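Visitor: Sequence:
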Amino acid sequence: MTPDLPRLYAALDATWPAAAMVEAGPWRLREGAGGGKRVACTTAEGDWGPDDLHAAEKAQHLLGQVPLFMIRQGEVALDAALEAEGYALIDPVNLWLCPIARLTDRPLPRVTAFAVWEPLAVMREIWAAGGIGPARVAVMDRAAGPKTGIFGRMSDRPAGAGYCAVHDRIAMVHALEVLRAHRGMGLGKWMMRCAGIWAESQGAEWMALACLRDNHAANGLYAALGMDLVGQYHYRIKVAA
1 MTPDLPRLYA
11 ALDATWPAAA
21 MVEAGPWRLR
31 EGAGGGKRVA
41 CTTAEGDWGP
51 DDLHAAEKAQ
61 HLLGQVPLFM
71 IRQGEVALDA
81 ALEAEGYALI
91 DPVNLWLCPI
101 ARLTDRPLPR
111 VTAFAVWEPL
121 AVMREIWAAG
131 GIGPARVAVM
141 DRAAGPKTGI
151 FGRMSDRPAG
161 AGYCAVHDRI
171 AMVHALEVLR
181 AHRGMGLGKW
191 MMRCAGIWAE
201 SQGAEWMALA
211 CLRDNHAANG
221 LYAALGMDLV
231 GQYHYRIKVA
241 A
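With UniProt numbering applied, the sequence shown covers 1 to 241.
None of these hints come from the bench; they were simulated from the model. On a predicted model such as this, the values are computed, not experimentally measured, just so you know. It is possible that some hints are incorrect.
Unchecked claim - Calculated pairs, SDA-like style, for lysine to any residue (alpha carbon to alpha carbon, straight line, at most 25 Å):
(1) LYS189 - PRO109
(2) LYS37 - MET185
(3) LYS238 - LEU221
(4) LYS37 - ASP214
(5) LYS189 - HIS216
(6) LYS37 - ALA128
(7) LYS189 - HIS174
(8) LYS189 - ALA84
(9) LYS37 - ALA84
(10) LYS238 - ASP105
(11) LYS37 - PRO92
(12) LYS189 - ASN219
(13) LYS238 - ALA24
(14) LYS238 - LEU212
(15) LYS189 - ALA121
(16) LYS189 - ASP214
(17) LYS37 - ARG124
(18) LYS189 - THR112
(19) LYS58 - LEU89
(20) LYS37 - ASP52
(21) LYS37 - GLY74
Just need the whole structure built from these sequences, with the hints factored in.
Guide: Here it is in structure tokens:
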């Protein structure tokens with residue numbers, strides 16, 4: 001059965017985990033430890049009211065974080081309430097999904113992409129060049145399930161790095177980065193296929209990922225691979241007075 005959005009959100013949490021998660025009333029609070037919005041956001045897990053919003057905001061301040069909420073598909077009332085409280089919409093995200101078999105139907109060219117864990121030093125350098133620093137690599141280290149790095153080469157040179165992990169038969173790719181000099185040459189497709197081959201060996205049946213809506217090149221890549229756009233979410237962040 002095709003994974004529904006709750007399964008995809010759960011796979012996001014498991015494959016790109018927060019430093020800590022706390023259930024507080026209707027909220028799930030995440031402590032990000034510098035790992036980005038996805039691991040530092042708060043989500044609604046039950047019925048909430050205006051007082052609950054203020055309590056969640058205070059709790060995020062206590063964690064040393066700017067108040068930030070993830071608004072998932074269908075959470076219209078929460079979105080409107082946060083907007084009324086002065087929260088700005090930021091970073092709309094697309095969710096992509098496909099059966100793993102769509103990525104495993106052809107062999108990889110020799111010495112093009114490899115599944116390797118732990119990440120090589122050169123992979124960390126490639127991530128750093130794309131703004132994926134140690135705090136985000138620490139997120140990868142925290143993931144408890146099957147996981148791997150994806151190392152891409154082009155013209156006999158290190159050219160790309162990515163990360164893939166599996167939860168509930170869903171493989172999630174994160175932090176896919178190709179060095180600027182090697183973009184537009186098809187390496188991203190081969191790295192995704194490498195991730196698919198590895199994930200299938202781990203029992204995954206689906207490949208999924210989250211991509212910023214304004215990253216047109218990356219969204220075009222996933223569409224070209226036959227992945228389906230199955231959902232969206234965005235964040236609301238507290239605007240300083």
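Visitor: It remains to establish, for every hint, whether it holds in the given structure.
Guide: Here is what the structure says about each hint:
no. : hint            : verdict
1   : LYS189 - PRO109 : holds, 11 Å
2   : LYS37 - MET185  : violated, 30 Å
3   : LYS238 - LEU221 : violated, 33 Å
4   : LYS37 - ASP214  : holds, 16 Å
5   : LYS189 - HIS216 : holds, 15 Å
6   : LYS37 - ALA128  : holds, 18 Å
7   : LYS189 - HIS174 : holds, 14 Å
8   : LYS189 - ALA84  : violated, 42 Å
9   : LYS37 - ALA84   : holds, 21 Å
10  : LYS238 - ASP105 : violated, 45 Å
11  : LYS37 - PRO92   : holds, 12 Å
12  : LYS189 - ASN219 : holds, 12 Å
13  : LYS238 - ALA24  : holds, 19 Å
14  : LYS238 - LEU212 : holds, 20 Å
15  : LYS189 - ALA121 : holds, 23 Å
16  : LYS189 - ASP214 : holds, 19 Å
17  : LYS37 - ARG124  : holds, 20 Å
18  : LYS189 - THR112 : holds, 11 Å
19  : LYS58 - LEU89   : holds, 20 Å
20  : LYS37 - ASP52   : holds, 21 Å
21  : LYS37 - GLY74   : holds, 20 Å
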